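Colleague: Each chain, written out:
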Amino acid sequence: MFPKNTWYVACTPSEIDDKPLGRQICGEKIVFYRGPEGKVAALDDFCPHRGAALSLGTVCEGKLVCGYHGLVMNCDGKVASMPGQRVQGFPRTRSFPVVERYGFIWVWTGDEKLADPDLIHPLEWADNPEWAYAGGLYHVKCDYRLMIDNLMDLTHETYVHTSSIGQKEIDEAPVNTKTEGDMVVTSRYMENVMAPPFWRANLRGNNLADDVPVDRWQVCRFTPPSHVMIEVGVAHAGKGGYHADPKDKVHSIVVDFCTPETETTMWYFWGMARNFNPKDKALTAQIREGQGKVFAEDTVVLEAQQRNLNTFPERKLLLLNIDAGGVQSRRILDRLIAEEQPQTQTA
Amino acid sequence: MFPKNTWYVACTPSEIDDKPLGRQICGEKIVFYRGPEGKVAALDDFCPHRGAALSLGTVCEGKLVCGYHGLVMNCDGKVASMPGQRVQGFPRTRSFPVVERYGFIWVWTGDEKLADPDLIHPLEWADNPEWAYAGGLYHVKCDYRLMIDNLMDLTHETYVHTSSIGQKEIDEAPVNTKTEGDMVVTSRYMENVMAPPFWRANLRGNNLADDVPVDRWQVCRFTPPSHVMIEVGVAHAGKGGYHADPKDKVHSIVVDFCTPETETTMWYFWGMARNFNPKDKALTAQIREGQGKVFAEDTVVLEAQQRNLNTFPERKLLLLNIDAGGVQSRRILDRLIAEEQPQTQTA
Amino acid sequence: MFPKNTWYVACTPSEIDDKPLGRQICGEKIVFYRGPEGKVAALDDFCPHRGAALSLGTVCEGKLVCGYHGLVMNCDGKVASMPGQRVQGFPRTRSFPVVERYGFIWVWTGDEKLADPDLIHPLEWADNPEWAYAGGLYHVKCDYRLMIDNLMDLTHETYVHTSSIGQKEIDEAPVNTKTEGDMVVTSRYMENVMAPPFWRANLRGNNLADDVPVDRWQVCRFTPPSHVMIEVGVAHAGKGGYHADPKDKVHSIVVDFCTPETETTMWYFWGMARNFNPKDKALTAQIREGQGKVFAEDTVVLEAQQRNLNTFPERKLLLLNIDAGGVQSRRILDRLIAEEQPQTQTA
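Chains as they are written, first to last, in full-length UniProt numbering: chain A, 1 to 347; chain B, 1 to 347; chain C, 1 to 347.
Since the hints were derived computationally from the structure, they do not count as laboratory data. Remember, it's a predicted structure, so these values are computed and weren't measured experimentally. Do not rely on the hints blindly, as some may be mistaken.
Not the full set, but computed from the structure, chain C residues with beta-carbon under 7 Å of chain A [stated by the list, open to error]:
1) Asp182
2) Gln305
3) Leu320
With a straight-line cut-off of 30 Å between C-alpha atoms, the simulated BS3-like cross-links for lysine-lysine are [stated by the list, open to error]:
4) B:Lys316 <-> C:Lys113
5) A:Lys29 <-> A:Lys113
6) B:Lys316 <-> A:Lys293
7) C:Lys141 <-> C:Lys279
8) C:Lys39 <-> C:Lys113
9) A:Lys19 <-> C:Lys316
10) A:Lys316 <-> B:Lys63
11) B:Lys19 <-> B:Lys178
A short list of chain B residues far from chain A (calculated; beta carbon distances all over 10 Å) [what the hints assert, rightly or not]:
12) Pro122
13) Glu180
14) Met183
15) Pro224
16) Gly290
Heads up, the beta-carbon is just placed ideally off N, CA and C, and yes, glycines get one too.
Bound conformation, chain A alone:
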C-alpha cells in the first residue's frame, strides 16, 4: 500500500557512479545508471531478449549494454542496437522518470505523464555551503509505514535509544500534532533539562558547554510519500530555545526517506543536516557514525514488530495521542492511494 504517482528516493549518486544498480522500488525491479552526459536513467531491470538482469550489464557511451548478449539500450527503453541484429521491431522496455537532485536519485514508479520534477520535495539545506550533510542506507524488513509511525512518535527515543538521545523528559513533554494540507507536523519542546550523550557531543562540536541545562526541541514533519524531516536541537537554557541565537544552540535536521521495496520491506535513507561548523569533516563523520548506531536500533524493533503483525494480521492496535503523527500521516497516504485507483466503479 503505497502511492505510486510520487517521487521516491531510489539511491544515492555514488551507488551508480561506477556501474548500474539493480534495486526494487515499490515492487518494480529497476536498473539505475548514468546515461548520456552522465544523466541518470532508470529502466525495467529485464532485458527484452532473454530476461537477463540489465543491472549486471555495463554502460558504454551513455547506453546500457546487457551483460548477457550485448543488447544496447537507449535511456528511453528503446533498443539502440544489438550485434548482428536488426532491432527496429524490438519491444520497448519501460523507462521510469528519474531525476538527480539534492544529492539523491529520485524515481517515479507511477503514471509517467504525471511525473513533474517540480513535485520533488525541496531540501533547502542541500547544495548549501552553510550546511553539512551525511547519511546512510539501511534495508529494513518492515512496511515503510511502520518507519513513518516510528519517526512521527519520538517517545520511542526514551526506550529504544536509551544511551544516546533518549531521556525521560521526552515522555513528559506534551506533544502537539496537526495536519497542514499534505503535511503532518508533530512537535515537542522540553525546557531546562540535561542533554543526553548524543546532544552533549553536538554541543561540544559547536564549542558550547555540555554540562549545563538546555532547552530541547523536536519538530517532525511528514510529507508524502514517505519523507520525515525532523528539526532537532538543544540551546543553553533560557536563551530562547528553538529561536535562540545560533551561538547558543546546536540545531540539525534529521532526514528520513522511507522508500518501499515491497509491501513489507523498505529502503531507509537516513541522514543528518546541520548548520553549525559545517566545514568540520571530522565532526560530520562522528555525527554520521553516531546516528548510524542509533538508527540501527530502530531496525531491530521494527523488524520484530513486522513479524508480529504478519503473525497476527487481525489484531487491532491501540491509537493513542502519541500515535497521532503516524495516524494523520497514514490518513494522507490512504487518500493519495485511493485517488490513484481507477474510478470505474463510481456510480
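For this one, chain A is given, so just place chains B and C on it according to the hints.
Modeller: Below, chains B and C alone, put in the same frame as chain A:
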C-alpha cells in the same frame, strides 16, 4: 499435533535472569521474564499498543516495560501504566500459567483454568544434593514426536552413536515395551558385554575398572506431553546389574524434554542426572560435553527424516516391535489431543 | 520439464568413494553408493522403516546400512536384513538404473525397463591416454534449459567473459545452426583475429606463439537430455584453422552436463578435454582453474535471469537467430517429453 492442557519445559532460569526471553512454544509467541520478587511470568509477546515484541523490552521493578514506547505491563497481562496515558481501558494481554520448578521454567499454553502445578512431572533428582545434573538446549527442525520415537527406540544408538554409546549388543538384546496408565516403559538389559567409550569414561569417573565385562541397562519412560527419562547404566558383570550396589555401578538418568515450537520444529532440552560422585564438577562438565556431542548426532538424522516426511507425506512407514515405544507414546498423545477437542459434534 | 527416460550425469566417482551421497536428480531424492564389488548403486533416499535418509548411512560389505536403526539394503532395493527383524515382508525400495562410465556416474530416473546403457552418450576422449580431462561441479539455481540456451549461444562470451574468452569478433562472425536428428549443432568460425587471454595461455601451454593472429572456432553440439559438447580452439592464422595440423593449433572440447535437480535448479558438471600436452598435469590444473572462474560468471547471470523469469512468468522473450541453438534444442526436448506422456487422451 500436540496437547496444550499440559506443562512443557519452556526455558531454563539462566535464560531469563538478565533480560526477557522471546520463545515460541506450541505455536504461541511468548515472552518469559522475572516479575515481582523474581517470580517468573509469561505473556503474549505482543504489545497491545503497536504490536512490538515485548521480549525486546526491559524489566523494571518487576514489571515488563515495552522497549518501544514504554507501556508497562503487570505479570497478569494488565497494563500498569504508560507515560502520559490513562490505561484503564487498555486491553489485557494474554498471560500464560508458568512455574519455576526443578531448575526449569514450565509453561501451560492451554486452558489456564486447568493449569494445576501439581501436574508438573516430578523430578526426584532435582534439588537433591546426592545427584548432579547438567544439560543443554538444541533447536531441532523436526516434529517433536520424531524425537520421542528416537528416544523410545535406543537401537539407534548402535548406528547413530557408533563411537560413544552404540554397541552391537543393543540390537541383540530383546526389548520389552508396556503402557502403564499414561506412561510407556521400554527396557533392555544386556549382560556380560564390554562397555562402549562413553560408559568406560563414566566407570573411570566413579573409580571403577573400565576394562572388564559389564551388565548394561536402558529403561526409557515416556510421560505426556513429551518427557522421556531414561535410566541408563552399567555395573561390573555379575554384581546384580541394575540392582547392583552403588559401589559396583554407574547409573544415570538421561533427561529429555521435547517441547514443540511449531508442528515441525522443537526445542530439545537434554541433560543427564547422576548419583555417583555428584560433587565432581569436572566430571559433570565432561559428561555434559560428551552428551552434547552425542545428541547433536541425533539432530542431523531427525532433520533429514523430517525433510523426507515433508517430501513424501503420503508414504506409509513400518511399525516394528522396536517401534512399540514410540507407537504407544503417540497413542497416548492422540488420546490427549482428542480429549481437548470441543465435543459439539457428538450426538 | 525434463525427459526422464534418459541418462543423466548424477555425480563423479570421487563423490561416492568414501561414503554414500544423497542427491536430488529430476526431482527424485536418490542415494548413490558403491555396492557389491564396488559397483555403483542408486536407491530412493528414504528408508522404508521410518523414512530416514539412507544417504546418512554406511556401506558394509557392499550393502547399504541405514544410519538410523540398521536396516540393511541390497542394491536392488530389497531389504537384506535388519537386526532382530524378519524382513521378508518389508516393502521394496525403488532402485534406479545407474552406470559408471567415462569417469561419471549416470542415472536413469524414468521407466527402468527402457534403461539401456548403450544409450549413454559416448565420450570418445574419456579413458583415452591422448586426452586429458578435468572439470568441476556447480549447483546453479536455474532451469537447466537456461544453461543449454547459454551454451548454445556463445555470443555471451563477449559480454559475460570479457577478460578471458570473450572478444568482439564472436559477435561479428556469422552463426550457423542446424538440427541433425536428435543433435543440434551451432558453429562459428573467426579468421585472423587476436586470441583472448584464455586462449593465449593455451597456446603457450602447447609451446605456440601467443602474439600472432589466429583462426578461432566454436562448434557446439547439443544432445538430449542436456549435454552440450563444444569443440573450441585456435590455430595460427592461415594454417587451416579447425583442420590445421595439431602442431599449429590448440583444440579442446568443453564438456557440459546440465542435470536437472528440480524444475528451477540444476547440477552443472563442467570440464574441458584436450589432446595437446595431455600429460602436463600443471597445465591441466591451470586450465581447470581458469575454466572454473569463467563458468562461475555464467552462474551469476543465469540465477538473476531465473529470478527475473520467476517474477514475470508471462513475459514473452525474443527469439533471434543467435537463439536458434537453444530453440532447436528445446524443440527436441519438448518432443521427448511429449513422447513420455501417457497416450490415453488420443482419439
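Colleague: The structure should be examined with respect to each hint, and the outcome stated for every one.
Modeller: Verification of the hints:
1. Asp182: 24 Å, violated
2. Gln305: 5 Å, holds
3. Leu320: 6 Å, holds
4. B:Lys316 <-> C:Lys113: 26 Å, holds
5. A:Lys29 <-> A:Lys113: 20 Å, holds
6. B:Lys316 <-> A:Lys293: 54 Å, violated
7. C:Lys141 <-> C:Lys279: Violated: Lys141 of chain C and Lys279 of chain C sit about 35 Å apart, past 30 Å.
8. C:Lys39 <-> C:Lys113: Cα-Cα ~20 Å, so holds.
9. A:Lys19 <-> C:Lys316: 27 Å, holds
10. A:Lys316 <-> B:Lys63: 23 Å, holds
11. B:Lys19 <-> B:Lys178: Not OK: Lys19 of chain B and Lys178 of chain B at ~44 Å, beyond 30 Å, violated.
12. Pro122: 35 Å, holds
13. Glu180: 40 Å, holds
14. Met183: 36 Å, holds
15. Pro224: Given that every Cβ of chain A is farther than 10 Å from that of Pro224 of chain B, nearest at about 27 Å, it holds.
16. Gly290: 37 Å, holds
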